[in-house]
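As given, the protein sequences belong to chains A and B, one line each in that order. Going by my numbering, the first residue of the first sequence is number 1, and it counts up by one from there. Going by my numbering, the first residue of the second sequence is number 1, and it counts up by one from there.
Hints in this document: simulated from the structure, not taken from any laboratory. The reader is advised that the hints may include incorrect statements.
[Claimed, not checked] Straight-line Cα separation of at most 27 Å, DSSO-like style, residue types lysine-lysine; simulated pairs:
| # | chain 1 | residue 1 | chain 2 | residue 2 |
| --- | --- | --- | --- | --- |
| 1 | B | K24 | B | K78 |
| 2 | A | K68 | B | K24 |
| 3 | A | K102 | A | K1 |
| 4 | A | K102 | A | K68 |
| 5 | A | K42 | B | K68 |
| 6 | B | K78 | B | K68 |
| 7 | B | K68 | A | K68 |
| 8 | B | K78 | A | K68 |
| 9 | A | K42 | B | K24 |
| 10 | B | K24 | A | K102 |
[Stated by the list, open to error] Derived CB-CB ranges, DEER-like:
| # | chain 1 | residue 1 | chain 2 | residue 2 | range |
| --- | --- | --- | --- | --- | --- |
| 11 | B | M15 | A | R55 | 20 to 30 Å |
| 12 | A | N18 | B | E14 | 27 to 37 Å |
| 13 | A | T45 | B | G28 | 14 to 24 Å |
Beta carbons are placed, not taken as given, at the ideal position from N, Cα and C, and that holds for glycine.
So you can see what is in the structure, the chains are spelled out below.
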Amino acid sequence: KQEVTQIPAALSVPEGENLVLNCSFTDSAIYNLQWFRQDPGKGLTSLLLIQSSQREQTSGRLNASLDKSSGRSTLYIAASQPGDSATYLCAVKGYSTLTFGKGTMLLVSP
Amino acid sequence: DAGVIQSPRHEVTEMGQEVTLRCKPISGHDYLFWYRQTMMRGLELLIYFNNNVPIDDSGMPEDRFSAKMPNASFSTLKIQPSEPRDSAVYFCASSLTGQANYGYTFGSGTRLTVV
């Protein structure tokens, strides 16, 4: 059974810092990996999708990498802003279903 | 497209009552998923459908939970009778072709409180 772990569980940084969120998974037989953002009381917003054959994807200040063989992914956020405060969820896609980590709660203070 | 639409956004009900959650997937998507999110357990898959047919319901916690997808544009998740431990946020998501490298789109969720 696929298990997804995210470290750290919570992170608090001052505005402007570059930061890295980590995600690991136990079964490397995945189709893709997706990073989501969830604001308090809200739904999930897809940030980046990395196919199993890809190594990284970039969107603005966000960069996600994937090392499928070692079962790891990182989400890099450059020049963090208070508006980046949210919970970030990593999810890996197996045959049909998506398995989620429990997320990293990020707080960026002004 | 308006995305995945869930209703109601919030539901408060008394223990023992029947609760029905609704979902309209993105038009053309052939996979539909129901997830439940709690603080303790995070996001858990309850059941998913492919072309309106339930494929895997092993995540459904008890017989009190049931889900249907009568057509490609509508699905329901029913809890009968409801219990306080069912309180959670229930998300519906849809995807195009589960075996291909497509992402999921989630609805805004239904926050269920059973008192």
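Open item on the list: Just to be careful, I want the Cα atoms of K78 (chain B) and K68 (chain B) compared with a cutoff of 27 Å; is the pair within it?
Closed with: 8 Å, holds
TODO: Mind checking the alpha carbons of K42 (chain A) and K24 (chain B) for me, to see if they're no more than 27 Å apart?
DONE: Cα-Cα ~18 Å, so holds.
Open item on the list: With the threshold set at 27 Å, check whether the alpha-carbon distance from K24 (chain B) to K102 (chain A) stays at or below it.
Closed with: 26 Å, holds
Open item on the list: Quick check: does the Cβ-Cβ distance between N18 (chain A) and E14 (chain B) fall within 27 to 37 Å?
Closed with: 49 Å, violated
Task: Outcome of range test on Cβ distance (T45 (chain A), G28 (chain B); 14 to 24 Å) - done: At 21 Å between Cβs, range holds.
Task: Distance restraint between K68 (chain B) and K68 (chain A), which requires alpha-carbon spacing of 27 Å or less - done: Violated, at about 35 Å.
Task: 27 Å Cα cutoff - pair K102 (chain A), K68 (chain A) - done: This hinted pair holds, its Cα atoms lying about 20 Å apart.
Open item on the list: Holds or violated: K78 (chain B) and K68 (chain A), Cα atoms, limit 27 Å.
Closed with: 37 Å, violated
Task: Pairwise hint evaluation, K24 (chain B) against K68 (chain A), where the allowed Cα distance is 27 Å at most - done: It is violated: about 33 Å lies between the C-alpha atoms, which goes past 27 Å.
Task: Holds or violated: K102 (chain A) to K1 (chain A), with C-alpha atoms at most 27 Å apart - done: Holds. K102 (chain A) to K1 (chain A) sits at ~16 Å (cutoff 27 Å).
Task: Given hint K68 (chain B) paired with K42 (chain A) - CA-CA distance at most 27 Å - done: This hinted pair holds, its Cα atoms lying about 25 Å apart.
TODO: Hint says 20 to 30 Å; check whether the CB-CB distance for M15 (chain B) and R55 (chain A) agrees.
DONE: 50 Å, violated
In this structure, the hints that do not hold are numbers 2, 7, 8, 11 and 12, in rising order.
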